[in-house]
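A.B. asks: Following the hints, complete the assembly by docking chain Y onto the known chain H.
As a plain string of letters, each chain reads:
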Amino acid sequence: MPKEQANWSPYDNNGGSCVAVAGADYCVIAADTRMSTGYNILTRDYSKICKLADKCVMASSGFQADVKALQKHLAARHLIYQHQHNKQMSCPAMAQLLSNTLYYKRFFPYYSFNVLGGLDNEGKGCVFTYDAVGSYEKVGYSSQGSGSTLIMPFLDNQLKSPSPLLLPARDAVTPLAEAEAIDLVKTVFASASERDIYTGDKLEIVVINADGIRREYMDLRKD
Amino acid sequence: MNFMASKQPENSLLSPESDSQRTLYPYVTGTSVVALKYKDGILMAADMGGSYGSTLRYKSVERMKPIGKHSLLGASGEISDFQEILRYLDELILYDNMWDDGNSLGPKEVHNYLTRVMYNRRNKFNPLWNSLVLGGLKNGQKYLGTVSMIGVNFEDNHVATGFGNHLARPILRQEWHENLSFEDGVRLLEKCMRVLLYRDRSAVNKLQIAKITEDGVTISQPYSLKTYWEFSAFENPAQGAIGSW
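The listed protein sequences correspond, in order, to chains H and Y.
The first sequence lines up with residues 1 to 223 when you count with full-length UniProt numbering.
The second sequence lines up with residues 1 to 245 when you count with full-length UniProt numbering.
Looking at chain H on its own, in the form it has when it is part of the complex (with noise of 0.2 Å):
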């Protein structure tokens, strides 16, 4: 007797893009707010941003639940920490636990795109991307998610970010002032919402810096 096959799947794709800049001073993080489920938009309102920690804050797109439940685990991980150390984890720091998070599930992963975004110890904008396994590496800028393949080469182009082989290493953060980078995020996220059917309806974009953190708005095409 055949084994019967399951007709359903764990996964689901809801959608989103989501990118990083890292300044000298600031970091900008951004996602749209869209949720989709094949043609369908479940709610045009949702927040794919979480802040993990002080100066740490991640975005994520892929399947919402995975989602979900990887912040909370994150979060919950960062409550431990400051137990036991009584200080904030830093966004290496986190980069790291997020990276561990998802290999620990390699066989059955969070089906989760991330960006980490946030201010290393001496206050630099510092940009981490992840791949749903936990591959991971420091850039300068990043985006993931389903309009990441129209969003990358454009940053690539606007950005310049220098080769990772120079010697000696050079800064992979950019030179530009923070409402520029943040006027960049807004072009770049307009023009993917003219093409990628599941990015649009409103963008959440947060901005960290020296200052603290703050949040911004911006209307996307609805359609």
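Some hints here could point you the wrong way.
[Stated by the list, open to error] Derived PhoX-like pairs (lysine-lysine); straight-line CA-CA distance at most 25 Å: (1) Y:K191 <-> Y:K226; (2) Y:K226 <-> Y:K124; (3) Y:K206 <-> H:K72; (4) Y:K108 <-> Y:K69; (5) Y:K124 <-> H:K202; (6) H:K124 <-> H:K87; (7) Y:K108 <-> Y:K39; (8) H:K72 <-> Y:K124; (9) Y:K142 <-> Y:K69; (10) H:K72 <-> Y:K142; (11) Y:K65 <-> Y:K138; (12) H:K105 <-> Y:K124; (13) Y:K65 <-> Y:K39; (14) H:K160 <-> H:K186; (15) H:K186 <-> H:K202; (16) H:K51 <-> Y:K226; (17) Y:K138 <-> Y:K69; (18) Y:K108 <-> Y:K65.
Because the hints were derived from the structure by calculation, they are not lab data.
Given the structure is predicted, the values throughout are model-derived calculations rather than measurements.
C.D. replies: Relative to the frame of chain H, chain Y by itself:
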């Protein structure tokens, strides 16, 4: 992107010896639930049908139930799994009451609990085959959320399950606004349910509308919607077509 192909190899670490322990497909199912926020709270509608595949087997299934003091749960999908969820929630509310501390679980908390239950079952590859709608209010704060069988959850001003997503949500996006009156809310829900009745083959013309306000839950007696079948296109349908029957 097909991250996890649904076909598992024979020697997969993820499939246990006896697959008969896992849910593969639903048997008795309920169709759409539609809900919206209105001025005084939440309005939710669901018909009373329990289908057994393509047979409309049961026609008095209550698919909406009050939970605790502040919430209302509506479910579509496998009815037996819905009954199991009601047993879980019964225990949850019981323990909450036994604390006897003046505190009670609000809709946000119940929704979070349900999300965790659904997600954990999905992780074990044995899902509760339901799409749930959880609405309520506590201390004047209205809440309306939904969870699917794989744990996808969100809250919004109006939600629907199954066919309701395709047929009711567009109507709600067009016509919902803040501070709907009770009559307007019911009218809007009935409009959605009527479209579902015409176009969803698993819908039955026997529905209930439930409301939850600060004063508690009221679930209406079952009633039917008026339908119109006198469109000229339905008269003498074979008129323009040559055929033997």
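A.B. asks: Each hint should be assessed against the structure and marked as holding or not.
C.D. replies: Now for the hints, and whether the structure bears them out:
For the hint linking K191 of chain Y to K226 of chain Y, the alpha-carbon distance of about 11 Å falls within 25 Å, and the restraint holds. For a cut-off of 25 Å, the pair hint linking K226 of chain Y to K124 of chain Y is broken: about 44 Å separates their Cα positions. Restraint check: the Cα-Cα separation between K206 of chain Y and K72 of chain H comes to about 41 Å, which exceeds 25 Å; the hinted pair is violated. For the hint linking K108 of chain Y to K69 of chain Y, the alpha-carbon distance of about 13 Å falls within 25 Å, and the restraint holds.
Taking the CA atoms of K124 of chain Y and K202 of chain H, the gap is near 35 Å; set against the 25 Å cutoff, the hint is violated. A hinted pair counts as satisfied when its Cα atoms are at most 25 Å apart, and K124 of chain H with K87 of chain H qualifies at roughly 19 Å. Between K108 of chain Y and K39 of chain Y the CA atoms are separated by roughly 19 Å; this keeps the pair inside 25 Å, and the hint holds. Proposed proximity of K72 of chain H and K124 of chain Y is supported: the alpha carbons are some 19 Å apart, at most 25 Å.
For the given pair, K142 of chain Y sits about 14 Å from K69 of chain Y by alpha-carbon distance, which is consistent with the 25 Å threshold. Using a Cα cut-off of 25 Å, the hinted pair K72 of chain H and K142 of chain Y holds, with the two alpha carbons roughly 24 Å apart. A hinted pair counts as satisfied when its Cα atoms are at most 25 Å apart, and K65 of chain Y with K138 of chain Y qualifies at roughly 17 Å. For the proposed pair K105 of chain H and K124 of chain Y, the alpha carbon gap of about 13 Å is at most 25 Å, so the pair holds.
Proposed proximity of K65 of chain Y and K39 of chain Y is supported: the alpha carbons are some 21 Å apart, at most 25 Å. At most 25 Å may separate the alpha-carbon atoms for a hinted pair to count; K160 of chain H and K186 of chain H meet this at roughly 18 Å. At most 25 Å may separate the alpha-carbon atoms for a hinted pair to count; K186 of chain H and K202 of chain H meet this at roughly 11 Å. A threshold of 25 Å between alpha carbons decides the hint, and for K51 of chain H with K226 of chain Y the separation of about 50 Å lies outside it, so the pair is violated.
Under the criterion of a C-alpha separation no larger than 25 Å, the hint pairing K138 of chain Y with K69 of chain Y is consistent with the structure, at around 9 Å. Taking the CA atoms of K108 of chain Y and K65 of chain Y, the gap is near 16 Å; set against the 25 Å cutoff, the hint holds.
Comparing the model with each earlier hint shows violations of hints 2, 3, 5 and 16; every other hint is respected.
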